[in-house]
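Fit chain B to the given chain A structure using the hints.
Read off the chains here:
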Amino acid sequence: MDFKLKKRARQDVKVEVISLEEKYPQNVMLYHYPPTEDIHIDEFEELALERLKLLRIFEMANSKSLRVLSDDWKEYVNAELTREGLRGYLRMCTHSSSNNTKLETDLQMRRRDYLSHFILRLAYCRSDELMRWLLTREMELFKYKFSALSVAEIKQFLEKNSFHIHPLTEAQKDEVKDGLYESTAGHSVAKIELLEFYKVPFTEVLDLVRGRRCYLKGGFAYVSTHDLVSIVGTRHADEIERGLQATKTFISEVEADERISRMLKSLHSSYTGKDYTVSRDASVPIESLDQLSKTSMPLCMRMCHEHIRHEHHIKHGGRMQYGLFLKGIGVTLEDSLRFWRAEFTKKIDVDKYTRAYEYNIMHNYGKKGSMVNYSPYSCMKIIKDMAGPGDCHGCPYRSFDAPTLKTKLAGYGLSQGAIDEVLFFVTRGHFQLACSKYFTITHNTTAEPTITHPNGYFEESQIVMGSRQKHTPGPAKQQNKNNRSAIVGGANRSMINGNDDDELWRIAETQERVYQSQKGIEDAFDDDLDLTEIAD
Amino acid sequence: MPEQETTQETTPNEQKVSTYDPAILPDMLPVYYRRLFPHEPFYRWLSYGNVDKQIFFNREISYTLHDDIYIRYQSYDTQAEFEKDICVRNPFKIDIGPVMSSRPRNMRAVPTSLVPIQRELVFDIDATDYDDIRNCCSGAGICIKCWKFMVLAVRVLDAALREDFGFEHIFWVFSGRRGVHGWVCDYTARTLDARARGAVAEYLNITSYSNNTAKVNIGDKPHHSVKRALKLVEPMFEEIILEDQNLFGTPKGVGKLLALISDESARHEMDAYLKKSHEDGAHSKLIWESFVRFANSMRTSAANVWSRKLKHIVEEVQLCLLYPRLDIHVTKGFNHLLKAPFCIHPATGKVCVPFSANAVAKFDPTTVPNITQLLQEINAYDDKTKSYIEKPEDKSRIKDHKKTSMFKGVVVFEEFLRKLERTFKTESMEF
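Chains A and B are the protein sequences, given in the same order.
With full-length UniProt numbering, the residue at position 98 of the first sequence is 98, and numbering never jumps.
With full-length UniProt numbering, the residue at position 193 of the second sequence is 193, and numbering never jumps.
Calculated from the structure, these hints are not laboratory results.
There's no promise every hint is true.
[Claimed, not checked] Over 10 Å on every C-beta distance to chain A, these chain B residues come out as not near it, computed from the model:
no., residue
1, D95
2, S101
3, R108
4, A109
5, N135
6, I144
7, K148
8, G281
9, F334
10, N358
11, L420
[Stated by the list, open to error] Computed beta-carbon distance windows for the label pairs:
no., chain 1, residue 1, chain 2, residue 2, range
12, B, K215, A, N444, 18 to 28 Å
13, A, R67, B, V88, 48 to 58 Å
14, B, L65, A, M465, 49 to 59 Å
15, A, S188, B, K227, 17 to 27 Å
16, A, T105, B, A159, 29 to 39 Å
[Claimed, not checked] If we take Cβ atoms under 7 Å as the criterion, some of the chain A residues that face chain B in the derived model are:
no., residue
17, V176
18, S183
19, G186
20, R210
21, R212
22, G218
23, G388
Just so it is clear, CB atoms sit at the ideal spot from N, CA and C, and this is done for glycine as well.
For reference, chain A alone in the conformation it holds in the complex (with noise of 0.2 Å):
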């Protein structure tokens, strides 16, 4: 990618309109090629910082559980999308551009979507996590984008990008009418008997095999014209995965320009949310998780915490979950071994116990295998994760049904009328809210907490009950907040606390303390240091 960024005059760009019907022929590219035009450094922060903001909807939108592409999801992105200003993409995911591809507006707008996306990869290059967020917020945007073509629009997009699928004849369709009629998720026998049919390989539409919403046979899957959105997009996630893999390599050249490696940074210190890989706060004693996890843990982790207790025993999915929990709220390796010791070896021998499970632990805290300090898991991260056949761990208000989560909730002294309104957001999907509906009933308060992490909700508890200063707020964080508020304009705040960003955040805390290291012992026990002088 060539970017140099020699100040220019901005009418360069309305040049090179005569070109930009031939350059972005449709709302739905496949960003094969990286730009190469000039822009100026301050259209290449604003196309950011757009593009940040619009896939931040999409995230919202997935942490409320609305399935994407339904009814539910289509109405509260395009809500967001007018209100954040976006009104160019929203016109580009519900419009069919068909009679007005001249329109100068639309184009820029493609040029826009263009070279925003190329910007985004050079910042979300660095770490794997990053990548899988910007991947699966990409992929969002282009099924968006994509069910928003006409069927004629598909077909030149198919011709244009070189995929060569040709739909079944009558008779070979007729063939597999059956296992079409019977398998075609979404459509009624009518409906499947006039589209048209095409048949790939089954790896071509992971998806769809997923969740079983196509006829497959013989290792072919049979999919409709509004499915081909699997095929292409699978493409398109290869594409982009591709492309991460390729910026990966050259980003040392990119970032060797000031300008854009200071832009590139502060754009992830002023998305950031909060990582709790190593906590910053005092201890915390291994002598009071029973009380804490009364007081102070969110239901996923008490449930672990009791299961344990219980059992003795506690599986690899439940060990991860509530292990790195306890590490993220400053229970020390000592301690955790201590606790894990005492519980497991109730029910085993300690020799078993040190072969089989030690390991788990100190992998979990970096000390073993790959070495890496793991993240807690995100609130996310526990609502995906599908718990098995004796599991503890997983989100209750997911995983439990309506009875069992109320005699828990009951049995924990919440009132009738407490648990109906937790149970609200359960049945509507509604996790985190239901989550952060318990702890204000349970600390009995009125300020809502956006629950986005169970260490988090752990440390809104603590700060609540006053056994926590509020993380070391100082004027350096004061200052950190008002730089994000700036930058997204007054947006809603529980949209910068993403939780996907904890990469982002160990990343400008790497930094944080390489920098410390420099400044020399006596600054590196400042606590109040400030970030933002750090990702300038």
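Showing chain B alone in chain A's frame:
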């Protein structure tokens, strides 16, 4: 192969199982690996026709030795080397890992380049996952009654893998105690990436767990794979659930049945109906008949929750109890290790024998030969013919495993190999 068939007839058809003592396993293993373990077919399998030599070279083999000593990242260049190492180590368990991008044993020299590039698509079903609905055994135990759960699991999976995914080269192995492993060895299966494995695993896994109860939700119309599973499950439901297990024969059992109705008011209706119609402890068959009758009448009488959300409840209950309960992590993982066929299970002494999916119902886990019995069988054979004592070096005349009751397992495996190797022949002719 006429030579083989004649030997099969002369093999003593012993059904009695000799008692096995885990304490002397270390003494028996050397003889087993030297004389009985089918090294040659085993190598033929893992080398996949030797079309690409790297496939065998870069395959990770792991061992569990005496006292739980675990050795990973072993790999070999030749069959002789492989065989020799097994006979030296006499492992309690052999695990097979993926084919890596470079030789696993050079792992420490070039650690970064060790990534899995090929691996059979594998399945693991364990009878303990059925513990909540097994009244005959629990935990490690297995009897001919609980084997029926495995029978259905194998049939449903085998059909789906062959019909839906077009895989042909599949073999199933008794895991030595209470479960079953499936290996899909087609080229496309071996080269699926992690995402594809995940998709296949979830496609085949219709059971979800909430709060330790299995749940199945068919949705609006059943997918053809679910319909096919139902066709296999339905005819055996009465035999397994109602007669063998008599699952709803106690109030607790009825509770389990009721728990499968997701709608609360509907559950109360059903509960009241069953209480009214039957005494506590009525036979499962009667309870189930009433259950079906009530569900059907509710469903057809008016538009209500029974005709919408619960319209497939009868089918859902059947699937929920009998659809294969997979450990999907094993299938999803690209580099998940899985125990090799023909290992000896250290706790039971039984051989992990392959069996054919068509004959799964005839397979009896309780009569699978254990190592003590096998060694007795060769000894008996040797005594009779004196061949081993006279000409101990002449091993090629009759393979030792053909003298014993693990013969059938080897034949199944060789049959699988013959079909697999035919594909390499046609391939090499095409090129």
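Against the structure, the hints:
1. The Cβ of D95(B) sits about 16 Å from the closest Cβ of chain A, beyond the 10 Å cut-off, so the non-interface label holds.
2. The beta carbon of S101(B) sits about 16 Å from the closest Cβ of chain A, which is more than 10 Å, so the claim that it is off the interface holds.
3. Under the 10 Å C-beta cut-off, the non-interface status given to R108(B) relative to chain A holds; the minimum distance is some 15 Å.
4. Against chain A, the non-interface label of A109(B) holds: every CB pair exceeds 10 Å, the least being about 18 Å.
5. With a least beta-carbon separation of about 17 Å from chain A, N135(B) lies farther than 10 Å from that chain, consistent with its non-interface assignment.
6. At the 10 Å boundary, the C-beta of I144(B) stays outside the reach of chain A, the nearest C-beta of that chain being 24 Å off.
7. At roughly 19 Å, the least C-beta separation between K148(B) and chain A is larger than 10 Å, which holds for a residue marked as non-interface.
8. Remark: the non-interface label on G281(B) is consistent with the geometry, its nearest Cβ contact in chain A lying 25 Å away (cut-off 10 Å).
9. Every CB of chain A lies more than 10 Å from the CB of F334(B), the least distance being 14 Å, so the non-interface label holds.
10. Even its closest Cβ contact with chain A, about 19 Å, leaves N358(B) beyond 10 Å, as expected for a residue assigned away from the interface.
11. Non-interface call for L420(B) relative to chain A: holds, since the shortest CB-CB distance, roughly 17 Å, exceeds 10 Å.
12. For the hinted restraint 18 to 28 Å between K215(B) and N444(A), the CB-CB distance of approximately 35 Å leaves it violated.
13. Restraint check, R67(A) to V88(B): a C-beta distance of roughly 57 Å satisfies the suggested window 48 to 58 Å.
14. Restraint check, L65(B) to M465(A): a C-beta distance of roughly 53 Å satisfies the suggested window 49 to 59 Å.
15. The beta-carbon spacing between S188(A) and K227(B), approximately 18 Å, falls within the hinted interval of 17 to 27 Å.
16. At roughly 55 Å, the beta-carbon separation of T105(A) and A159(B) lies outside the given 29 to 39 Å, and the hint is violated.
17. A distance limit of 7 Å between C-beta atoms decides the matter here; for V176(A) the minimum to chain B is near 10 Å, and the interface restraint is violated.
18. Hint on S183(A) holds. Least Cβ distance to chain B is approximately 5 Å, under the 7 Å limit.
19. Look at G186(A): its Cβ only gets to about 9 Å from chain B, farther than 7 Å, so that hint breaks.
20. Interface restraint check: R210(A) against chain B, minimum CB-CB distance 4 Å, threshold 7 Å, status holds.
21. A distance limit of 7 Å between C-beta atoms decides the matter here; for R212(A) the minimum to chain B is near 4 Å, and the interface restraint holds.
22. Because the beta carbon of G218(A) sits about 4 Å from the nearest beta carbon in chain B, less than 7 Å, this interface hint is met.
23. The criterion of a C-beta within 7 Å of any C-beta in chain B is met by G388(A), whose closest approach is roughly 6 Å, and the hint holds.
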